[in-house]
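Peer 1: Chain residues, written in single-letter form:
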Amino acid sequence: MNNEKLNTIEATFLVVIITLTHIILNLSNSILKSTGSSAIINVLYCSFLTLVFFFILNKLFKPFPSKDIIDVSEYVGGKPLKFITNLIYSVYLIFVSGTLILNFSELLRLIYFQNAWTPLIILIFILSAVIVNKLGFKNIVKVNTLIIFVVLVTVVIIFGASLDKVEFQRVFPVLGYGFKETFVTGALNIFSFGGLILLYLIRPNLKEQKKYKTVGIVSILLSSVYLLLSVASLLFLFPFLTTGTETLSVYMSTRAIEFGKFFERADALFILVWIFTFLSYLSIIISYITKMNKKVFNVKNSSPIIYLVALIIFFVTLIPKDSSQIIFLETTVYKYAALAVVFVYSFLILLIGYIKRTGVKVKQIKNNKKLDLGGDVENN
Amino acid sequence: MKARNFLIGVLVLVIIGFSISNSSAINTIDELAYVVAIGFDVGDNSDLKISFQINMPTSASSSSSSEGSSSGGSSSEEGSTSVVNTVECNSFDVGVSLLNSYLSKKVNMAHCKYLIFSEELASQGIGDYIYSLKNNVEVRPTANILISKCSAQYFLENSKPIIDEVATKYFGLETSSEKNTSYTEAINLKDFFCDLSDTFGSPYAILGSVNELESDNVGNSNPTLDDNSYVAKESEKSSQNNIENLGLAIFKEDKLVGELSGLETIVHLMLCNNFQNATVNIPSPFNDTDYISLYIYSAKSKNSVSIVNGSPYIKCDVSLKMRLLTSSEKSNYMDEENRKLIEDYTNSYFGAHINNYLYKTSKELNCDVCTFGQYAVSNFLTWGDWVEYDWLNRYQTSFFNSSVNSKLTSGYLLMETNS
Numbered sequence: 001m002n003n004e005k006l007n008t009i010e011a012t013f014l015v016v017i018i019t020l021t022h023i024i025l026n027l028s029n030s031i032l033k034s035t036g037s038s039a040i041i042n043v044l045y046c047s048f049l050t051l052v053f054f055f056i057l058n059k060l061f062k063p064f065p066s067k068d069i070i071d072v073s074e075y076v077g078g079k080p081l082k083f084i085t086n087l088i089y090s091v092y093l094i095f096v097s098g099t100l101i102l103n104f105s106e107l108l109r110l111i112y113f114q115n116a117w118t119p120l121i122i123l124i125f126i127l128s129a130v131i132v133n134k135l136g137f138k139n140i141v142k143v144n145t146l147i148i149f150v151v152l153v154t155v156v157i158i159f160g161a162s163l164d165k166v167e168f169q170r171v172f173p174v175l176g177y178g179f180k181e182t183f184v185t186g187a188l189n190i191f192s193f194g195g196l197i198l199l200y201l202i203r204p205n206l207k208e209q210k211k212y213k214t215v216g217i218v219s220i221l222l223s224s225v226y227l228l229l230s231v232a233s234l235l236f237l238f239p240f241l242t243t244g245t246e247t248l249s250v251y252m253s254t255r256a257i258e259f260g261k262f263f264e265r266a267d268a269l270f271i272l273v274w275i276f277t278f279l280s281y282l283s284i285i286i287s288y289i290t291k292m293n294k295k296v297f298n299v300k301n302s303s304p305i306i307y308l309v310a311l312i313i314f315f316v317t318l319i320p321k322d323s324s325q326i327i328f329l330e331t332t333v334y335k336y337a338a339l340a341v342v343f344v345y346s347f348l349i350l351l352i353g354y355i356k357r358t359g360v361k362v363k364q365i366k367n368n369k370k371l372d373l374g375g376d377v378e379n380n
Numbered sequence: 001m002k003a004r005n006f007l008i009g010v011l012v013l014v015i016i017g018f019s020i021s022n023s024s025a026i027n028t029i030d031e032l033a034y035v036v037a038i039g040f041d042v043g044d045n046s047d048l049k050i051s052f053q054i055n056m057p058t059s060a061s062s063s064s065s066s067e068g069s070s071s072g073g074s075s076s077e078e079g080s081t082s083v084v085n086t087v088e089c090n091s092f093d094v095g096v097s098l099l100n101s102y103l104s105k106k107v108n109m110a111h112c113k114y115l116i117f118s119e120e121l122a123s124q125g126i127g128d129y130i131y132s133l134k135n136n137v138e139v140r141p142t143a144n145i146l147i148s149k150c151s152a153q154y155f156l157e158n159s160k161p162i163i164d165e166v167a168t169k170y171f172g173l174e175t176s177s178e179k180n181t182s183y184t185e186a187i188n189l190k191d192f193f194c195d196l197s198d199t200f201g202s203p204y205a206i207l208g209s210v211n212e213l214e215s216d217n218v219g220n221s222n223p224t225l226d227d228n229s230y231v232a233k234e235s236e237k238s239s240q241n242n243i244e245n246l247g248l249a250i251f252k253e254d255k256l257v258g259e260l261s262g263l264e265t266i267v268h269l270m271l272c273n274n275f276q277n278a279t280v281n282i283p284s285p286f287n288d289t290d291y292i293s294l295y296i297y298s299a300k301s302k303n304s305v306s307i308v309n310g311s312p313y314i315k316c317d318v319s320l321k322m323r324l325l326t327s328s329e330k331s332n333y334m335d336e337e338n339r340k341l342i343e344d345y346t347n348s349y350f351g352a353h354i355n356n357y358l359y360k361t362s363k364e365l366n367c368d369v370c371t372f373g374q375y376a377v378s379n380f381l382t383w384g385d386w387v388e389y390d391w392l393n394r395y396q397t398s399f400f401n402s403s404v405n406s407k408l409t410s411g412y413l414l415m416e417t418n419s
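Just so you know, the protein sequences line up as chains A and B, in that order. Take 1 as the starting number for the first sequence in the numbering used here and just add one per residue. Take 1 as the starting number for the second sequence in the numbering used here and just add one per residue.
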């Protein structure tokens with residue numbers, strides 16, 4: 001079990017990969033479409049809100065050292081709530097990962113394998129993720145740490161390589177579609193930090209509990225920086241994104257990159273890196289769903305759960321009929337699902353748990369005081 | 001352990017199955033015909049006539065130029081590295097399918113360097129074609145957009161590499177010549193598409209033609225023009241057919257409305273801060289009948305736009321750095337007084353041309369090709385206000401204030417020939 005303990009960097013990168021995979025697909029595009037030219041201000045604003053949210057989260061988690069959201073649910077509502085939380089988390093993670101893998105596989109099919117059957121591409125991802133899971137959690141984490149470094153470099157390259165073509169005036173008009181769209185309805189764009197879901201689950205895996213705060217802050221800041229770079233490069237490079245419908249926007253920007261006359265088609269290299277990213281992402285998701293269910297159902301052998309989860313994810317990918325449904329699921333449904341699960345439901349469970357725990361503590365202190373007072377009276 | 005091995009086995013089988021399936025087999029190099037340039041013309045019987053210049057493998061580089069669909073074929077000279085096939089159709093994608101139907105290989109456009117539209121088609125509007133091309137995964141956003149003064153088919157059939165053997169390399173070098181001359185600007189599909197869907201400025205493309213001997217497609221050279229004031233087809237006749245990219249084709253929305261000459265393009269690049277270097281002739285301050293040649297190696301323009309009484313007030317302060325190329329007997333151009341005189345002449349020469357350019361693009365063409373909209377937008381707080389202002393149509397009401405500040409830094413080897 002000690003083998004599964006994570007150091008600060010490993011834990012941080014686990015959280016970051018969730019945001020990164022969404023950035024690679026249509027997350028930045030979705031922010032641009034909802035806010036227009038104020039997308040950069042909106043990302044900064046949402047990053048600030050997420051940081052504030054995490055500080056509260058950290059405070060609420062304080063009375064539950066080494067406990068994750070499943071344990072807190074059990075404390076709050078007993079086994080029924082524990083099952084419900086597990087169900088909500090499992091369904092959410094399966095749905096999100098399924099949609100994401102489907103979208104990415106569609107991208108691969110569109111670009112390279114136009115006559116291929118998409119489920120076959122998905123199957124390669126899922127089978128690989130199952131095998132990786134059989135190799136153990138620690139291996140997934142170590143590979144993920146390596147991959148994240150490469151992905152982060154690619155995001156910086158995409159931004160850096162397009163610097164000579166960018167028009168910084170595209171940040172104007174500063175308020176984009178308006179104040180309300182930037183700061184009121186725009187606040188809903190904190191769904192971009194849906195990767196925070198792992199911060200509810202990661203606590204039992206941390207080597208040092210006191211590093212939880214560092215993991216949270218660094219992962220949010222890293223995600224913010226990369227979201228900002230990605231949104232900025234799209235905003236400065238592609239004016240039509242704010243007005244039209246464009247899928248695979250980050251891929252579009254990689255196609256526009258040229259390193260002199262020698263390296264002209266760098267997009268294939270980016271796609272290769274992203275394939276590893278999505279594989280790592282899927283492995284982590286399957287691994288955490290397995291961990292939760294193992295804990296809830298008290299199962300020793302994780303293999304059946306891994307197979308079952310992989311199979312369900314595969315079935316989920318077969319549900320959408322066309323690209324418009326995939327985009328609807330990825331942008332609209334995912335947005336509200338992330339807000340509901342990560343920012344509302346889990347937060348409420350924690351809040352109730354915190355109140356209950358502190359309430360019990362206060363009662364205990366009062367009782368202790370009463371006992372002390374009773375003893376004093378008797379002594380007198 | 002057994003389960004893991006089983007899974008690895010299954011994965012290997014799936015990957016092998018995938019790799020030998022139809023999806024990947026069809027994409028081998030032997031199966032593909034690489035298109036290096038695509039030409040779009042108005043069709044005789046259909047909406048569109050598309051010409052594909054296809055690179056020939058070295059072993060198969062015998063000549064041929066054929067017309068598909070209903071037209072007959074014609075031959076071209078021996079040893080050609082590419083062939084031109086033309087199809088008549090109603091849309092780009094159908095054109096590709098038609099070409100595929102009679103080629104033994106699958107057409108692939110991943111190496112396409114040039115997208116050429118004839119002047120006639122561009123005047124009718126090319127928006128739909130640009131959107132279709134942008135939607136195509138194979139066509140690179142870095143493919144250059146060129147508006148041909150002659151028909152696109154003629155352009156492709158008569159453009160022959162003089163120095164290069166490979167057509168793709170030839171096209172690549174053709175567009176990079178703008179870095180040495182500043183007579184045009186390399187505009188690619190991504191740039192054109194962005195401008196087309198933008199609210200900050202209007203789209204423009206490379207203006208080109210085939211410069212050849214004894215053809216009615218060649219424009220007459222005009223003796224009254226400045227060296228730099230040519231547009232494509234107007235420069236001196238060369239002894240061989242060759243692509244000539246000179247000037248810019250200006251669009252209002254997706255329709256061609258005008259063109260910029262070589263000198264206007266130099267001014268355009270200066271104002272847009274995309275200028276690299278250029279050699280320009282200006283009237284000599286020392287002799288009315290002479291010209292002096294300047295090598296301008298740096299041009300920066302400080303642009304600002306403010307809204308005065310509802311109309312845009314555009315201010316451009318251009319700074320130039322240059323060297324003197326001209327030398328003659330008994331000259332001392334680097335003398336402080338002469339230097340000042342040359343700088344003043346340069347300021348007034350470019351000042352006049354900048355004003356001409358600004359008034360031509362605003363009053364005559366009503367196309368903000370310099371994207372002044374990006375400076376104007378900072379005067380607005382929300383996107384709604386900006387869209388309501390309707391910049392692209394308000395540009396016509398602009399008034400300008402331009403100034404040029406040139407700095408003659410040096411001559412070349414001969415600094416003084418007074419002795």
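Possibly wrong hints are sitting among the right ones.
As the list claims (entries may be wrong) - A short, non-exhaustive set of chain B residues, derived as facing chain A with CB atoms under 10 Å: (1) LEU7; (2) VAL10; (3) GLY17; (4) TYR129; (5) VAL137; (6) ARG140; (7) PRO141; (8) ASP191; (9) SER197; (10) PHE200; (11) GLU253; (12) VAL257; (13) GLY373; (14) THR382; (15) TRP386.
Claimed, not checked - Okay, derived cross-link-like pairs now, BS3-like style, lysine-lysine, Cα gap no bigger than 25 Å in a straight line: (16) A/LYS361 <-> B/LYS315; (17) A/LYS165 <-> B/LYS363; (18) A/LYS294 <-> A/LYS79; (19) A/LYS33 <-> B/LYS134; (20) A/LYS165 <-> B/LYS252; (21) A/LYS33 <-> A/LYS138; (22) A/LYS142 <-> A/LYS5; (23) A/LYS165 <-> B/LYS300; (24) A/LYS165 <-> B/LYS134; (25) A/LYS165 <-> B/LYS321; (26) B/LYS255 <-> B/LYS302.
Stated by the list, open to error - Here are a few chain B residues that sit away from chain A, every Cβ distance over 10 Å (derived from the structure): (27) VAL14; (28) ASP47; (29) VAL94; (30) THR326; (31) ASP335.
For the record, the hints were derived by calculation from the structure and aren't laboratory data. Please read these numbers as outputs of a predicted model, since none were measured by experiment. Even for Gly, the Cβ is constructed at its ideal location relative to N, Cα and C.
Peer 1: Could you run down the list of hints and mark each one as holding or not?
Peer 2: Results for each hint:
1. LEU7: 5 Å, holds
2. VAL10: Holds: closest Cβ of chain A sits about 6 Å from B/VAL10, inside 10 Å.
3. GLY17: Hint holds; B/GLY17 Cβ to chain A Cβ min 8 Å, cut 10 Å.
4. TYR129: This hint is violated: B/TYR129 lies away from chain A, its Cβ roughly 16 Å from the closest one there, beyond 10 Å.
5. VAL137: 6 Å, holds
6. ARG140: 7 Å, holds
7. PRO141: Cβ of B/PRO141 sits 5 Å from chain A, so the hint holds.
8. ASP191: 8 Å, holds
9. SER197: 4 Å, holds
10. PHE200: 7 Å, holds
11. GLU253: 14 Å, violated
12. VAL257: 21 Å, violated
13. GLY373: 9 Å, holds
14. THR382: Holds, because the Cβ-Cβ distance from B/THR382 to chain A comes to roughly 5 Å (cut-off 10 Å).
15. TRP386: 5 Å, holds
16. A/LYS361 <-> B/LYS315: Outside the cut-off at roughly 70 Å; violated.
17. A/LYS165 <-> B/LYS363: Given pair A/LYS165, B/LYS363 is violated - Cα atoms ~28 Å apart, limit 25 Å.
18. A/LYS294 <-> A/LYS79: Holds, because 14 Å separates the two Cα atoms, which is no more than 25 Å.
19. A/LYS33 <-> B/LYS134: 20 Å, holds
20. A/LYS165 <-> B/LYS252: 23 Å, holds
21. A/LYS33 <-> A/LYS138: With Cα atoms ~39 Å apart, A/LYS33 and A/LYS138 exceed 25 Å; violated.
22. A/LYS142 <-> A/LYS5: 11 Å, holds
23. A/LYS165 <-> B/LYS300: 16 Å, holds
24. A/LYS165 <-> B/LYS134: Holds, at about 18 Å.
25. A/LYS165 <-> B/LYS321: It holds: about 23 Å lies between the C-alpha atoms, which stays within 25 Å.
26. B/LYS255 <-> B/LYS302: Given pair B/LYS255, B/LYS302 is violated - Cα atoms ~30 Å apart, limit 25 Å.
27. VAL14: Non-interface label fails for B/VAL14: nearest chain A Cβ at 6 Å, not farther than 10 Å.
28. ASP47: Its Cβ never comes within 10 Å of chain A, the nearest being 24 Å, so this holds.
29. VAL94: B/VAL94 clear of chain A: closest Cβ-Cβ about 17 Å, beyond 10 Å.
30. THR326: 33 Å, holds
31. ASP335: The assertion about B/ASP335 holds, with a minimum of 39 Å to chain A.
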